[in-house]
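Q: Using the sequences plus the hints, can you model the full thing?
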Amino acid sequence: SFHHAKKVALTLKEWIQEGKFFLNPPAETLPTDTVFKPMKITSELKFVKDLKKKAETCYDDCDIKVVAEKIIRNNVNHIVIIDRESILKGIVTSFDITRAIAEDKKSLDEIITKRVITASDNDPLDVAARKMKANEISALPVINDQKKVVGIITSEELM
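End of the sequence shown = 156 in the numbering used here, gap-free, step of one.
Treat each hint with caution, since some may be false.
What the hints assert, rightly or not - Pairs of lysine to aspartate or glutamate residues, derived as DMTMM-like cross-links and limited to a Cα-Cα distance of at most 25 Å, are as follows:
| no. | residue 1 | residue 2 |
| --- | --- | --- |
| 1 | Lys111 | Glu82 |
| 2 | Lys51 | Glu133 |
| 3 | Lys145 | Asp60 |
| 4 | Lys51 | Asp142 |
| 5 | Lys111 | Asp142 |
| 6 | Lys50 | Asp142 |
| 7 | Lys111 | Glu154 |
| 8 | Lys102 | Asp57 |
| 9 | Lys128 | Glu153 |
| 10 | Lys111 | Asp101 |
| 11 | Lys50 | Asp123 |
| 12 | Lys67 | Glu107 |
Stated by the list, open to error - Taking CB as the label site, the calculated pair distances span:
| no. | residue 1 | residue 2 | range |
| --- | --- | --- | --- |
| 13 | Arg96 | Ala126 | 24 to 34 Å |
| 14 | Ile69 | Lys34 | 50 to 60 Å |
| 15 | Ala131 | Lys43 | 14 to 24 Å |
| 16 | Pro28 | Lys128 | 45 to 55 Å |
| 17 | Glu153 | Ser117 | 18 to 28 Å |
| 18 | Asn21 | Ala126 | 32 to 42 Å |
| 19 | Asp106 | Asn141 | 20 to 30 Å |
| 20 | Lys128 | Leu27 | 39 to 49 Å |
| 21 | Lys17 | Val124 | 41 to 51 Å |
| 22 | Ser152 | Val5 | 56 to 66 Å |
| 23 | Ile114 | Ala24 | 43 to 53 Å |
| 24 | Lys144 | Leu27 | 50 to 60 Å |
In short, the hints are calculated from the structure, not lab data. Even glycine gets a Cβ: it sits at the ideal position worked out from N, Cα and C.
A: Listed below in structure tokens is the structure:
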């Protein structure tokens, strides 16, 4: 009954307050004559800002050929497309260039990925890695609060 349960609860409360009842057997008490040190941190949380590199960029009015040459010259797979104020407009990969040639595309606007998944400097690396995996992509442009490109992090840096 409710009355009996309340009586048991009050008795348990009294025993706990008096130190007569423990939820588990009492463990060994800590010595009072010993100095305890905090645990050593074995690894630090790393952030995107720790591994990002300079992003290779082109303006949004560049020719596809210029973007392709930049990919070859700098030995990269991703070119971040920006406007004249360094605001992110999109990204182009080496695969996009290959497809553009095969499909006879002439304009950068036809091949650019405009809905870009991004990271910020203060994102933990594991968050960036999960974004890449979830979206099946291999790079994240790193942007600041004004959406200006400040770098790039690729799956190669995370390896």
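Q: Would you mind marking each hint as holding or not holding in the structure?
A: Against the structure, the hints come out as follows:
Using a Cα cut-off of 25 Å, the hinted pair lysine 111 and glutamate 82 holds, with the two alpha carbons roughly 17 Å apart. Straight-line distance between C-alpha atoms of lysine 51 and glutamate 133 comes to about 22 Å, which keeps the hinted pair within the 25 Å bound. At roughly 22 Å between alpha-carbon atoms, lysine 145 and aspartate 60 fall within 25 Å of each other, so this suggested pair holds. Between lysine 51 and aspartate 142 the CA atoms are separated by roughly 18 Å; this keeps the pair inside 25 Å, and the hint holds.
At roughly 18 Å between alpha-carbon atoms, lysine 111 and aspartate 142 fall within 25 Å of each other, so this suggested pair holds. Simply put, lysine 50 and aspartate 142 have alpha-carbon atoms about 18 Å apart, close enough for the 25 Å limit, and the pair holds. Only pairs whose Cα atoms come within 25 Å are accepted, and lysine 111 paired with glutamate 154 is accepted, the gap being roughly 23 Å. This hinted pair checks out: lysine 102 and aspartate 57 have alpha carbons roughly 15 Å apart, not beyond 25 Å.
Taken as a hint, the lysine 128 and glutamate 153 pair is honoured in the structure, with Cα atoms around 14 Å apart against an allowance of 25 Å. A C-alpha spacing of about 20 Å is found between lysine 111 and aspartate 101, which places the hinted pair at or below 25 Å, so the restraint holds. For the proposed pair lysine 50 and aspartate 123, the alpha carbon gap of about 17 Å is at most 25 Å, so the pair holds. With a C-alpha separation of about 18 Å, the suggested pair lysine 67 and glutamate 107 falls inside the 25 Å cut-off, and the hint holds.
Distance hint for arginine 96 and alanine 126: a CB-CB separation of about 26 Å, consistent with the stated range 24 to 34 Å. The hinted range of 50 to 60 Å is satisfied by isoleucine 69 and lysine 34, whose Cβ atoms lie roughly 55 Å apart. Distance hint check for alanine 131 and lysine 43: the Cβ-Cβ separation is about 19 Å, which falls inside the suggested range of 14 to 24 Å. For the pair proline 28 and lysine 128, the beta carbons lie near 48 Å from each other, so the given range of 45 to 55 Å is met.
Taken as a hint, the range 18 to 28 Å holds for the pair glutamate 153 and serine 117, whose Cβ atoms sit roughly 20 Å apart. At about 39 Å, the beta-carbon gap between asparagine 21 and alanine 126 stays in the expected band of 32 to 42 Å. The hinted window of 20 to 30 Å between aspartate 106 and asparagine 141 holds, with their beta carbons roughly 25 Å apart. Restraint check, lysine 128 to leucine 27: a C-beta distance of roughly 44 Å satisfies the suggested window 39 to 49 Å.
Hint check: lysine 17 to valine 124, Cβ distance near 49 Å, so the stated range 41 to 51 Å holds. Hint check: serine 152 to valine 5, Cβ distance near 59 Å, so the stated range 56 to 66 Å holds. As the Cβ distance of isoleucine 114 to alanine 24 is approximately 49 Å, the hint placing it in 43 to 53 Å holds. Judged by the Cβ atoms, the range 50 to 60 Å given for lysine 144 and leucine 27 holds: they are separated by roughly 53 Å.
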